[in-house]
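There are 2 protein chains.
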Amino acid sequence: MDKETTLAGSTDSRLVNDVLTAFFARSKARAAAMHPDYRAMWEHLEACTVGGKRFRPRLVMTVYTLLGGANQAAAATVAASFELLHTALIVHDDVVDRDFARRGVPNVSGTYRNVAEKQGASPARAEHAGMSVGVIAGDLALSNAYRLLGQVDTDLPIRQRLEDLLDEAIFASAAGELLDVLAPLDPTPQPVDEVLDMARLKTAVYSFETPLQAGAILAGADDRLVRALGEFGRCIGIAYQIADDLIGVFGDESRTGKVGWGDLCEGKRTALISYAAEQPQWPRIARLLADPNLSASGATEVRELLIESKARDRSMQLAADHTEQALQFLLEPFVPQALRDGLTPLSDVVSERIRA
Amino acid sequence: MDKETTLAGSTDSRLVNDVLTAFFARSKARAAAMHPDYRAMWEHLEACTVGGKRFRPRLVMTVYTLLGGANQAAAATVAASFELLHTALIVHDDVVDRDFARRGVPNVSGTYRNVAEKQGASPARAEHAGMSVGVIAGDLALSNAYRLLGQVDTDLPIRQRLEDLLDEAIFASAAGELLDVLAPLDPTPQPVDEVLDMARLKTAVYSFETPLQAGAILAGADDRLVRALGEFGRCIGIAYQIADDLIGVFGDESRTGKVGWGDLCEGKRTALISYAAEQPQWPRIARLLADPNLSASGATEVRELLIESKARDRSMQLAADHTEQALQFLLEPFVPQALRDGLTPLSDVVSERIRA
Numbered sequence: 484m485d486k487e488t489t490l491a492g493s494t495d496s497r498l499v500n501d502v503l504t505a506f507f508a509r510s511k512a513r514a515a516a517m518h519p520d521y522r523a524m525w526e527h528l529e530a531c532t533v534g535g536k537r538f539r540p541r542l543v544m545t546v547y548t549l550l551g552g553a554n555q556a557a558a559a560t561v562a563a564s565f566e567l568l569h570t571a572l573i574v575h576d577d578v579v580d581r582d583f584a585r586r587g588v589p590n591v592s593g594t595y596r597n598v599a600e601k602q603g604a605s606p607a608r609a610e611h612a613g614m615s616v617g618v619i620a621g622d623l624a625l626s627n628a629y630r631l632l633g634q635v636d637t638d639l640p641i642r643q644r645l646e647d648l649l650d651e652a653i654f655a656s657a658a659g660e661l662l663d664v665l666a667p668l669d670p671t672p673q674p675v676d677e678v679l680d681m682a683r684l685k686t687a688v689y690s691f692e693t694p695l696q697a698g699a700i701l702a703g704a705d706d707r708l709v710r711a712l713g714e715f716g717r718c719i720g721i722a723y724q725i726a727d728d729l730i731g732v733f734g735d736e737s738r739t740g741k742v743g744w745g746d747l748c749e750g751k752r753t754a755l756i757s758y759a760a761e762q763p764q765w766p767r768i769a770r771l772l773a774d775p776n777l778s779a780s781g782a783t784e785v786r787e788l789l790i791e792s793k794a795r796d797r798s799m800q801l802a803a804d805h806t807e808q809a810l811q812f813l814l815e816p817f818v819p820q821a822l823r824d825g826l827t828p829l830s831d832v833v834s835e836r837i838r839a
Numbered sequence: 484m485d486k487e488t489t490l491a492g493s494t495d496s497r498l499v500n501d502v503l504t505a506f507f508a509r510s511k512a513r514a515a516a517m518h519p520d521y522r523a524m525w526e527h528l529e530a531c532t533v534g535g536k537r538f539r540p541r542l543v544m545t546v547y548t549l550l551g552g553a554n555q556a557a558a559a560t561v562a563a564s565f566e567l568l569h570t571a572l573i574v575h576d577d578v579v580d581r582d583f584a585r586r587g588v589p590n591v592s593g594t595y596r597n598v599a600e601k602q603g604a605s606p607a608r609a610e611h612a613g614m615s616v617g618v619i620a621g622d623l624a625l626s627n628a629y630r631l632l633g634q635v636d637t638d639l640p641i642r643q644r645l646e647d648l649l650d651e652a653i654f655a656s657a658a659g660e661l662l663d664v665l666a667p668l669d670p671t672p673q674p675v676d677e678v679l680d681m682a683r684l685k686t687a688v689y690s691f692e693t694p695l696q697a698g699a700i701l702a703g704a705d706d707r708l709v710r711a712l713g714e715f716g717r718c719i720g721i722a723y724q725i726a727d728d729l730i731g732v733f734g735d736e737s738r739t740g741k742v743g744w745g746d747l748c749e750g751k752r753t754a755l756i757s758y759a760a761e762q763p764q765w766p767r768i769a770r771l772l773a774d775p776n777l778s779a780s781g782a783t784e785v786r787e788l789l790i791e792s793k794a795r796d797r798s799m800q801l802a803a804d805h806t807e808q809a810l811q812f813l814l815e816p817f818v819p820q821a822l823r824d825g826l827t828p829l830s831d832v833v834s835e836r837i838r839a
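In order, the protein sequence lines correspond to chains A and B. Using our numbering, you'd call the opening residue of the first sequence number 484 and step up by one each time. Using our numbering, you'd call the opening residue of the second sequence number 484 and step up by one each time.
Honestly, the hints are just simulated from the structure, not real lab data. Just to be clear, a hint being listed does not mean it is correct.
Since copy identity is lost for identical chains, a pair holds within one copy or between any two.
Said to hold, decoys possible - Derived pair list, reagent style DMTMM-like, types lysine to aspartate or glutamate, alpha-carbon separation capped at 25 Å:
1) Lys751 x Asp705
2) Lys511 x Asp663
3) Lys751 x Glu610
4) Lys751 x Asp727
5) Lys601 x Glu714
6) Lys793 x Glu677
7) Lys601 x Asp580
Please put together the full structure from these sequences, using the hints given.
The structure is reproduced here in structure tokens:
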């Protein structure tokens, strides 16, 4: 996501950082008054917010600034709220996926699994302790996303609209998570439309639509512009997810940091799989994917079949179409030129991922 | 908890019920627009709020009404917010404790474990799917506790104080949960003071202190009274927890619905255990508790040793002392007589539990 560095400047990043640092300093002080172990947990939670790309905060800040918003501190607080929401979702997502590391280092669950193991707990008990702390830490991040919004220096009606957006983000991503848990229980691949709906709910709403809209609402944008930004976010978010799924299967491992067939093994529902399921190659693909110990050569065969069945081409086209649609919303005459120029580079992120 | 029926009247219960029913109706309609499975999940979440004692809502309503509050609808919304918080905490607590049933019927995790099993998932995968949905459903209950507070018809400063209380409740109960997860990793029993601190954080704050205070704040009570109610809630909440732990070990199974030595097997940290750990009977007790397959006769032996070591008597005295302390706060001259009369019966709940 190198192109994202074109979003928001370093002053904005520092402001968001300041809000988060102050929030965690307060929380750690409160926690220390209760128990040193609680303070330590807050430190681990804070660590989850460091090292990420702060993508959602940057969307909030970019839109706010390009629409001429003047209260950067207020925008940074809204931005920090979205970062806490993201933290909550990834911490809980890691619990749901039983992942104990993120970006190669132990996450909250992994950290506490290690703590428990060092204290002599059995592997099962240590894993359970780790996941338990993951649930607790995610709850704290989630509820504090609301708390931060409550501190935004703005009118009550605007604050209420921001709270509505946060609610929408949580409501949608919970739906996406749920469907993500339930879908693999049914062996029949879904139609591509359903896969895209799921991607929208799980990722596009909270990562694109609502942060873009939050920046606009805080800057006092009219409903028409807020709606257009939502549509732009929806389309670009879906495009992003399709591209991400392509990378998960065809991407260069040295660049993605993931094992190339991890997504294949997990039976992840993607546009790629939905397209393939309509083609004569499907029974062979399905047989290979049913093997929990898919080998490297098996994965290569799956990839070749996905190419042969045109599932890859069609997915790439689908991502390009969504990107194109997204850009159409930016071309509306009521979108200020500065905003159009500022957000257009987001489409490059998708096209670069597809080419990767 | 039969005595609790002396709290709040049937009109109050109906009002709280109306708020929750309307909230779930809205949420189910929103969810249905996304996916039928999401609507179904909301139905299961709603089921978690039905059949419980609505203890916290009743505390809110009782204090509010006895202090002469006139906006019962606003109080019912605050009360419903505490019920959603409670729902979130039990749903997530069940995930943390790997419990798949509550009150003898499948909880959220149990319901979705069954769904997954019916669709042919392996036991491990089904359990994991169940726990995943538990995490998601708890997140929704938690964030909507904030949402409901945002809808309370009151002044902004009062709403902010209510939000501060909710935050305090969440912050404290997360600390209590964390310590509850970490404590059993250390085989040395803690001193009784630490056990009481933990009980306060995990239970007293969100179940007693903050609901009592919320009712008072909404009714416009002064700080002195709000503080006294907090102290009352802290002491009675701790007394309640000590009594509950005694029942967990000595209670009549037919009344508690729990296997009499469940708490013993889990290595739960209680005042009882802390007292016993100071006595010569401890090595024998510890040896018996270390056995994960503690038999009925082993449990009987543990009980006899707990009685012989005076751990039971001392715990009963500790609960009685805390109850007595709690009542002292109600005797302050600035506590209105009606409120004193209305809350005093709460102490009977504790004494009856101890006698049980």
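Consistency of the hints with the structure:
1. Lys751 x Asp705: neither (39 Å within a copy, 56 Å between copies)
2. Lys511 x Asp663: Answer is between; shortest inter-copy Cα gap is 19 Å, intra-copy 34 Å.
3. Lys751 x Glu610: Both, since 24 Å and 19 Å are each at most 25 Å.
4. Lys751 x Asp727: This pair counts as within: shortest intra-copy Cα distance 12 Å, inter-copy 45 Å.
5. Lys601 x Glu714: Neither, since 49 Å and 39 Å both go past 25 Å.
6. Lys793 x Glu677: Answer is within; shortest intra-copy Cα gap is 20 Å, inter-copy 64 Å.
7. Lys601 x Asp580: Both: 23 Å inside a chain and 21 Å across chains, each within 25 Å.
When the structure is compared with the earlier hints, violations turn up for hints 1, 5 and for no others.
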